[in-house]
Amino acid sequence: MPSSQPVTEPQQKALDEFKAIMGADKVLHAEHATRPFSKGYRFGGGALFAVLRPTSLVEVWKALQVCLEHDFMVIPQASNTGLTGGSGPGFQDYDRPIVLISTHLINRVHLINNAQEAISLAGTTLIQLTDALKPHEREPHSVIGSTSIGASVIGGIANNSGGSQIRKGPAFTREAIYARVNEQGSLELVNHLGISLGDDPEVALDRLQRGDWSPADVTAAPEDSKETEYAEYLRQIEPSPARYNSNPKYLFEASGSAGKVMVFAVRTRTFPLEKSPTTFYIGTHTPRALEEIRRRFLSADMPLPIAAEYMGRSAFDLAEKYGKDTFVFLKYLSPAVQTRMFAFKTWANGVFSKVPGVGLTFADTVSQFIFDRFPAQLPKRLMDYRNRFEHHLILTVSDAQRAESEALLKDFFTSEKNLGEFFICTADEEKSANLNRFGAASAATRYAGVKRKELGELIPIDVALCRDDWDWLETLPPEIADQLDVAAYYGHFFCHVMHQDYVAKKGVDPHKLHDEIQELLEARGAKLPAEHNYGRLYRMPDAMVEHFKRLDPTNTFNAGIGGTSPKKNWA
Numbered sequence: 001m002p003s004s005q006p007v008t009e010p011q012q013k014a015l016d017e018f019k020a021i022m023g024a025d026k027v028l029h030a031e032h033a034t035r036p037f038s039k040g041y042r043f044g045g046g047a048l049f050a051v052l053r054p055t056s057l058v059e060v061w062k063a064l065q066v067c068l069e070h071d072f073m074v075i076p077q078a079s080n081t082g083l084t085g086g087s088g089p090g091f092q093d094y095d096r097p098i099v100l101i102s103t104h105l106i107n108r109v110h111l112i113n114n115a116q117e118a119i120s121l122a123g124t125t126l127i128q129l130t131d132a133l134k135p136h137e138r139e140p141h142s143v144i145g146s147t148s149i150g151a152s153v154i155g156g157i158a159n160n161s162g163g164s165q166i167r168k169g170p171a172f173t174r175e176a177i178y179a180r181v182n183e184q185g186s187l188e189l190v191n192h193l194g195i196s197l198g199d200d201p202e203v204a205l206d207r208l209q210r211g212d213w214s215p216a217d218v219t220a221a222p223e224d225s226k227e228t229e230y231a232e233y234l235r236q237i238e239p240s241p242a243r244y245n246s247n248p249k250y251l252f253e254a255s256g257s258a259g260k261v262m263v264f265a266v267r268t269r270t271f272p273l274e275k276s277p278t279t280f281y282i283g284t285h286t287p288r289a290l291e292e293i294r295r296r297f298l299s300a301d302m303p304l305p306i307a308a309e310y311m312g313r314s315a316f317d318l319a320e321k322y323g324k325d326t327f328v329f330l331k332y333l334s335p336a337v338q339t340r341m342f343a344f345k346t347w348a349n350g351v352f353s354k355v356p357g358v359g360l361t362f363a364d365t366v367s368q369f370i371f372d373r374f375p376a377q378l379p380k381r382l383m384d385y386r387n388r389f390e391h392h393l394i395l396t397v398s399d400a401q402r403a404e405s406e407a408l409l410k411d412f413f414t415s416e417k418n419l420g421e422f423f424i425c426t427a428d429e430e431k432s433a434n435l436n437r438f439g440a441a442s443a444a445t446r447y448a449g450v451k452r453k454e455l456g457e458l459i460p461i462d463v464a465l466c467r468d469d470w471d472w473l474e475t476l477p478p479e480i481a482d483q484l485d486v487a488a489y490y491g492h493f494f495c496h497v498m499h500q501d502y503v504a505k506k507g508v509d510p511h512k513l514h515d516e517i518q519e520l521l522e523a524r525g526a527k528l529p530a531e532h533n534y535g536r537l538y539r540m541p542d543a544m545v546e547h548f549k550r551l552d553p554t555n556t557f558n559a560g561i562g563g564t565s566p567k568k569n570w571a
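Letter 255 of the sequence shown, counting from 1, is numbered 255 in my numbering, and no numbers are missing.
Honestly, I wouldn't trust all of these hints.
Below are the DSSO-like pairs computed for lysine-lysine, each with C-alpha atoms no more than 27 angstroms apart in a straight line [what the hints assert, rightly or not]:
1. K380 / K431
2. K505 / K451
3. K226 / K134
4. K451 / K417
5. K275 / K134
6. K380 / K331
7. K410 / K380
8. K13 / K26
9. K331 / K321
10. K512 / K451
Treat the hints as calculated values from the structure; they're not laboratory data.
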């Protein structure tokens with residue numbers, strides 16, 4: 001229901017009730033005010049009846065009760081990254097008005113059990129959690145990537161996000177507190193946080209936000225370590241993917257919930273901060289050489305590397321040219337300023353999209369024009385490897401594993417069949433290499449946007465390949481390859497999780513092409529999506545339909561997720 005349509009008397013009553021709960025300034029109804037919350041970085045933009053911006057968990061609880069009374073659909077939103085469309089409305093023909101509840105103002109962190117665990121409230125970002133842990137020389141599950149555009153802790157949990165760190169696996173917890181609508185249509189609070197807060201929902205949520213509990217109310221922390229059980233699971237090179245969204249091993253209530261419940265807080269492990277890690281930059285002519293390196297490290301009698309990030313030359317080139325502004329922002333600005341810059345760009349694109357002849361990418365076009373005139377930002381050795389090698393791997397290991405890892409790589413590259421080289425990065429090269437890698441995701445979006453008059457749409461694919469797949473880098477059949485202007489490959493290589501960005505030629509049906517590529521990958525035993533969750537891009541397997549139905553039996557939250565019917569009844 002577009003917000004420009006007349007408001008009925010019951011709907012006006014609901015707006016008044018929302019304003020009474022949290023204040024008129026926290027209830028947005030006009031289209032220009034709600035659009036920044038509906039349109040994400042890549043996807044979204046459908047109509048919203050209202051956006052609510054509560055400042056307390058109790059306000060969220062009360063607002064949910066109003067939504068239920070007035071038969072509104074609810075979309076929880078911690079951070080509007082919009083990478084796959086799950087944090088905002090799509091363009092389906094919804095049968096109910098949509099209320100989006102933004103929790104980004106509720107962002108407190110409570111550290112417990114000597115900072116070995118953290119309680120992150122609904123809107124806490126990874127940047128905020130990282131900053132809270134720094135004085136304790138600890139770090140969260142995820143340390144880079146979409147953190148730069150304000151990704152939230154709960155968003156990562158809800159979407160099984162994996163991040164770059166090999167030892168930790170998908171973002172996962174069994175300890176959370178959330179609201180759901182049960183089979184009888186009643187709102188209920190589920191507290192599996194491991195902290196005694198009482199039985200009254202409003203009292204419990206108020207205590208939670210204030211951190212009002214004693215150590216005796218908190219269950220003990222798990223044994224401290226630098227990895228999770230995922231590390232051993234990954235070492236098993238078997239004909240199945242390691243981590244993907246429909247993996248039942250990593251689905252539990254809030255974990256993998258994809259916005260089908262309202263999560264108030266999650267309890268997650270923290271990890272000892274890695275000090276003085278070493279980064280190797282590897283270049284090779286053949287994907288098979290990288291797979292051999294991967295298997296040698298996975299089978300070696302030493303701890304797993306910290307991270308191993310792959311980039312193909314096409315992704316490198318896109319990031320170097322169309323991600324230069326992202327590179328500069330991430331390298332030289334503080335995380336808080338970065339988040340504001342990305343928010344400003346989203347706002348500017350929204351404002352100028354209404355100006356005739358300007359379009360949806362005004363801020364991107366201006367930024368690209370400016371940064372095209374900047375000198376090259378990448379260090380000389382990285383550019384040299386780009387010219388010499390098609391395939392690149394950024395391998396980071398603990399300081400204790402530096403000598404053994406270097407010896408393994410030297411031994412590997414002495415063989416004539418393994419064409420390639422490596423070097424140990426300086427601090428600047430390490431930072432630049434990783435920023436260029438993580439700029440690849442925004443670069444493909446930028447390229448498709450600024451060339452939208454000449455090219456078709458961006459088709460992003462997020463895929464988990466089988467752990468034993470030697471031929472991990474796809475070769476597209478001519479009938480598909482001929483429809484593409486560019487294909488860029490990058491990803492979390494040791495996990496065999498790949499992000500594959502395709503920009504279609506003009507006139508190509510992006511949805512049809514997406515489905516064709518998905519069919520090819522699934523025929524190889526791959527699982528899609530790997531860590532972006534279903535959003536509105538991927539066909540949902542029956543097991544996930546049942547998973548979401550158990551979480552949200554009345555289809556109150558985030559209807560339409562994963563292409564399921566936006567109508568109220570699951571059937």
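Hints versus structure:
For the suggested pair K380 and K431, the alpha carbons sit about 14 angstroms apart, so the restraint of at most 27 angstroms is met. With a CA separation close to 11 angstroms, the supplied pair K505 and K451 stays within the 27 angstroms bound. With a C-alpha separation of about 16 angstroms, the suggested pair K226 and K134 falls inside the 27 angstroms cut-off, and the hint holds. The hinted pair formed by K451 and K417 fails the criterion: a straight-line CA distance of about 40 angstroms is larger than 27 angstroms.
Between K275 and K134 the alpha-carbon distance is near 12 angstroms, which keeps this suggested pair within the 27 angstroms criterion. A distance of roughly 17 angstroms separates the Cα atoms of K380 and K331; the hinted pair therefore holds under the 27 angstroms criterion. Simply put, K410 and K380 have alpha-carbon atoms about 22 angstroms apart, close enough for the 27 angstroms limit, and the pair holds. Simply put, K13 and K26 have alpha-carbon atoms about 16 angstroms apart, close enough for the 27 angstroms limit, and the pair holds.
Among the hinted pairs, K331 with K321 is consistent with the structure: their alpha-carbon atoms are about 16 angstroms apart, no more than 27 angstroms. For the suggested pair K512 and K451, the alpha carbons sit about 21 angstroms apart, so the restraint of at most 27 angstroms is met.
The structure fails to meet hint 4 from the earlier list, while all remaining hints are met.
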